[in-house]
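J.: One-letter residues, chain by chain:
There are 2 protein chains.
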Amino acid sequence: MNQFIKRLPFIVMLCCCLHSSFAQHEPRYVDASSLLIVGKAKTTDSVYRRIDSIDRSPMPDAVKRLAQQSAGIAILFETNSTSIRTQWKLDGEVHMSNMTPIGHSGLDLYCLKDGQWQFVSVGRPGTGTQQSQLIVGNMDSSLKQFMLYLPLYNGMSALQIGIDGQATIQKPAKPGINQSRRVVVYGSSVVQGASAGRPGMAYPAILQRRTGMDVINLGFSGSAKMEPELATYLATVPADCYVLDCIPNPSPEQIRERSYPFIKSLREKQPSTPIVIVETIFRQNGLWDRKIGETVRQQNEAIKTTYERLKAEGMKDLYYIQSSQLIGEDHEATIDGIHLTDLGFMRIADAILPVIKKALAAKPKKTH
Amino acid sequence: MNQFIKRLPFIVMLCCCLHSSFAQHEPRYVDASSLLIVGKAKTTDSVYRRIDSIDRSPMPDAVKRLAQQSAGIAILFETNSTSIRTQWKLDGEVHMSNMTPIGHSGLDLYCLKDGQWQFVSVGRPGTGTQQSQLIVGNMDSSLKQFMLYLPLYNGMSALQIGIDGQATIQKPAKPGINQSRRVVVYGSSVVQGASAGRPGMAYPAILQRRTGMDVINLGFSGSAKMEPELATYLATVPADCYVLDCIPNPSPEQIRERSYPFIKSLREKQPSTPIVIVETIFRQNGLWDRKIGETVRQQNEAIKTTYERLKAEGMKDLYYIQSSQLIGEDHEATIDGIHLTDLGFMRIADAILPVIKKALAAKPKKTH
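As given, the protein sequences belong to chains A and B, one line each in that order.
Per the working numbering: the first sequence ends with 494, consecutive numbering throughout.
Per the working numbering: the second sequence ends with 494, consecutive numbering throughout.
Simulated from the structure, these hints should not be mistaken for lab results.
Possibly wrong hints are sitting among the right ones.
All copies of an identical chain are treated as equivalent in the list; a pair is satisfied when it fits inside any one copy or across any two copies.
Under the rule of at most 25 angstroms between Cα atoms (straight-line distance), these lysine-lysine pairs were calculated in the BS3-like manner [stated by the list, open to error]:
(1) Lys168 to Lys190
(2) Lys430 to Lys390
(3) Lys270 to Lys417
(4) Lys395 to Lys483
(5) Lys491 to Lys168
(6) Lys300 to Lys491
Sequences and hints are given; from them, build the entire structure.
T.: Following this line, the structure appears as structure tokens:
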């Protein structure tokens, strides 16, 4: 007993050290909503949704549902942690034959290195909706800025980011995405991100990393049919440039009827913001299935007619990208004829980026 | 009644016409095993398996299992059908966070057009193991040659191809893949095809289409650790060129121990066949996780040492491709740091193809 009493101060000290060491290594979680959120059209009532419930209410049902998926939203933070963990809660389990689970329900982490965003690692969803994972470990402890992309085809109700117990985490002092410069992309599943391997490979995300501007993903899979409610909403979303990549889903008749009033309405409310119109990529299976091929030809003819009419009427700051310029000529850029793989997304980003740059170069900077 | 009797011949004729028209449009199915099968190392007891049960028996358990998956196997046929349907039976339901269902369990159809293989469409797996689908319709009725790739990460016990009732289907008169010229690729999940969007985008398949040679996929996910049993088997597979892309999975120690005897053994049994050694791609998350990065560096150092030893000993027809040449420098070619997307697969095919061509150009043609 005397021996024990003699050794007590040493034992207490050892316990303290062990506890401190354990606490240092035990991860500490912060709510992602306390960090910087980019890729959002506007502030929303539920933080990881793309469109606010009030803004959603007049929209078609499919858009209402898809607007709650987190495509294009990302969390920016800086930390000196040597590891990054995440806990996230998905709206539901998703099964898509042309998407990876990492793409539709996972996370994608980048780090700013020498002024460039570089891929780090991914969060892989398992079964169920509660997910928890070490994304990366064993890093050095220098202060780094990270960007974490959220799922493309699922919604999230909660997200926590875990760091080393003693590390710091906060909003970046100098964000690697400049939220005062904004490109807003309205379109179909191709914009939403089918079939990117991981969330950061949807083309709006690639454009965001390459330009350092905030690029807003308003891609609605199977939808984006230029309904008047969407024109009304789009005009309220602050932008330095609008990209309209919304030709894949409406029928040729719908494009003939809707595209002219849609663009006119946007132009009236945003008189000097550049608008880039993108033809639909030529569905690769439409080179074999003559019915599909004919529909695609008619879709692009219809939007071209609208573009020419608007130009003839003297509309300024209007740009047009043809189908033939988008995804190369080897027919290998899609997973299923229409949805782009990472190969297709790199190609379409290469095609659209110079047009956006040209459009922006011609305009003075806005203040949002 | 008289009226009916009077009209009977007309009614019979109408029924015949309707029946004939219906029969013409009702699809007719043929067993794919009666057509031309490419991408097989050797003949096997079960037609859609990569390795025969007797050859498999001495192999490690993981390889035994993976060798039953159909990666790299494709069916060649010619038909004048305006539509192509498939019915296929999978071994089981697969869930992989880094693969699309089309990639792991689907089908991928190409057509030979002006001497080039061009993507047509895919077969999408649903739930369950029995799958049935229209792959493409509304084609013209000219005679065309097709290649149908089988699933990358699943096995198949049955496959039927459906054509228009009156159309013809047979083995191609002049196959677009020359089975007398063979490249055999032994490797990891990257060779097997993780994470190609669809089966035809695994890099052995890309090489097969680009060269018109038969390219055999001996990729074994998480395996390919250069066990002696694999060296023994590989030497029995006829080849004009062996590609060894088997560095990602063995530890640096295993590479130091096994790579020299593995390549020596293959060379002894195949004294003049070119061997192309490929370093592992640098795991992109290893640029952040220092432990992973150090392991990859040691893996590549170990295989480089073996290569230099073999060269110093005078081994001929040995080629080496460094990690830095494989997938570009933008860090965007993988889904999760190690597994290539279609973007990565195009890049690695671009890197490996010229080395294979150089290796083959230096050798006289073999007869298999």
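J.: State for each hint whether it applies.
T.: Hint by hint, here is what the structure shows:
no.: 1; hint: Lys168 to Lys190; in the structure: within (15 angstroms within a copy, 54 angstroms between copies)
no.: 2; hint: Lys430 to Lys390; in the structure: within (15 angstroms within a copy, 63 angstroms between copies)
no.: 3; hint: Lys270 to Lys417; in the structure: between (52 angstroms within a copy, 19 angstroms between copies)
no.: 4; hint: Lys395 to Lys483; in the structure: within (22 angstroms within a copy, 59 angstroms between copies)
no.: 5; hint: Lys491 to Lys168; in the structure: within (19 angstroms within a copy, 65 angstroms between copies)
no.: 6; hint: Lys300 to Lys491; in the structure: within (19 angstroms within a copy, 61 angstroms between copies)
Consistency note: the structure conflicts with none of the earlier hints.
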